[in-house]
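K.L.:
Spelled out, the chains give:
Number of protein chains: 2
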Amino acid sequence: MKPRVLAIVGVGLIGGSVGLAVRRIGSVRILGVDRDADALRLARQRGIVDEACADVAAAARLADFILFCSPVDTIAEQVLAAGTACQPGTILTDTGSTKEAIVRAVDGRLPAGVTFVGGHPLAGSEKQGSDFADPELFRNRLVVLTPTAATDQMTVARVQAFWESLGARVRCTSPQEHDRSLALTSHLPHLLASALAGILPAELTDLTATGFRDMTRIADSDAALWSAILLANRAPILKALAKFDGRLQEFRSALASGDRKTVHALLTAGCEARRPLQGGA
Amino acid sequence: MKPRVLAIVGVGLIGGSVGLAVRRIGSVRILGVDRDADALRLARQRGIVDEACADVAAAARLADFILFCSPVDTIAEQVLAAGTACQPGTILTDTGSTKEAIVRAVDGRLPAGVTFVGGHPLAGSEKQGSDFADPELFRNRLVVLTPTAATDQMTVARVQAFWESLGARVRCTSPQEHDRSLALTSHLPHLLASALAGILPAELTDLTATGFRDMTRIADSDAALWSAILLANRAPILKALAKFDGRLQEFRSALASGDRKTVHALLTAGCEARRPLQGGA
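In order, the protein sequences belong to chains W and P.
The first sequence runs 26 to 306 under our numbering.
The second sequence runs 26 to 306 under our numbering.
Just so you know, not all the hints are guaranteed correct.
For chains that are exact copies, the list does not tell them apart, and a pair is met inside one copy or across any two.
As the list claims (entries may be wrong) - Once the Cα atoms are required to be at most 20 Å apart in a straight line, the calculated SDA-like pairs of lysine to any residue come out as:
id : residue 1 : residue 2
1  : LYS27     : ASP75
2  : LYS27     : ASP89
3  : LYS264    : GLY283
4  : LYS264    : GLN274
5  : LYS286    : LEU250
6  : LYS286    : LEU263
If you are wondering where the hints come from, they were derived from the structure by calculation, not from laboratory data.
Excised from the complex, chain W in its bound form (with noise of 0.2 Å):
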């Protein structure tokens, strides 16, 4: 049931570590492709993909698993180029970090016998590019399946096996409820990293501890990937931050009012939602 020629379409940190991670559970010939040249030399140098394609439609002729994991804001267009040049029975699947828009863009548009389920791995780093991919990236992580009514229940039982075979846990739910879900545990999080970062004055980097420094780790990310993500999901996003607003707001009633009883039941609220989270640094 494992691939037997994979195209990875975007061979970064998450396309680059699928390969590593590939290569892992025998053998499969991986095709690559990507926009950027250097991207893809690195890739053939570590081993990631055993041939470079010109394009999608190139690589999608040799596939029977496609997986982009480009910017958000190419894959709807690459998967619908690659479903055109496909062989029926191909899996197409992708790793955005948002999926309606692209699920929405994609469902219903592709030819007979040619299909499609939306993925997000659970899994990234503020790195780029795969001289940081690393093969256990996706081990114990969360992989999110985005399948609609319109989806072959077949597709997304291959991408399931196809995951759990790279060691990561599956879970279905809606487009939808993806990208509300993800515009508050990821998107937000994002953005209120790179504002906390941004408002920082270069005079201050020397009183900066080990708190500011991981709440603003992921600051340090691809500017052009992420502004992709932010607007792809920002409705979800911006209800996200109002509902982060209305926590502020009661912060700021409370010290500005010196009502010790409440800032201290707010930070209690912190730390109880914090603590089942393991992990981070």
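On the provided structure of chain W, position chain P as indicated by the hints.
P.N.:
Just chain P now, with coordinates in the frame of chain W:
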């Protein structure tokens, strides 16, 4: 020049780490004071203190160097109590995360020959208690001392030498400047981490990844200690929060209008400000 008899008031993570670090620089008799009998017993068991004293005055009568590592809202009162009990020539300093209120409460109110300078090691953890004490906690960390016009210069030099002997770097600034800076680099981040953790619905716990976890790590800190810090420094924190709000508003407008160029510019600003900060998770 090192202390002969060091009293540590508050033997939690910071006080305990000082005790362990002082053990390495030679023979110093260390007295411990803590309202929490268990904390005191643990500090003796771990060899952090040689003797437990019943109260600040009892320790002050024996010590030539007293370090207050207690919650910020208790330090000034303890310093004044120690000042009354100790011998002339005794040096008093602290590790509180806010400085202006403490220094203002102490300046000019100590008996002749008893001197105090405020201090704040930029080191710590969300962990609490001397269980987590680490003699290397201050290695290469910055300690800010906050002398005023009234502060004895020899006291500043002795306290500086003390921290340097534990591996720290020392910088002097005014209490006001310290509090303004730390509002932005430490207290605001703490409030944001707590606010973010506090709005996470329990059912989304599984959908958090390392970004959310790193950003909220410090939310799992002692709510009483941090209530005291946030309230002691509330005016500068409210100012820092207003600055942060301004940046959030820029993000909000750009997202609402789909202004990719501005979103990209804001993310780039965060990136560029974060890059010089080493470390983090």
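K.L.:
None of the hints should be skipped; say for each whether it holds.
P.N.:
Hints and how they fare:
1. LYS27 to ASP75: within (17 Å within a copy, 65 Å between copies)
2. LYS27 to ASP89: within (10 Å within a copy, 72 Å between copies)
3. LYS264 to GLY283: between (29 Å within a copy, 15 Å between copies)
4. LYS264 to GLN274: Close inside one copy (15 Å) and across copies (13 Å); limit 20 Å.
5. LYS286 to LEU250: Close across copies (13 Å), not inside one copy (42 Å); limit 20 Å.
6. LYS286 to LEU263: between (30 Å within a copy, 18 Å between copies)
Every hint, counting from the list given before, is met by this structure.
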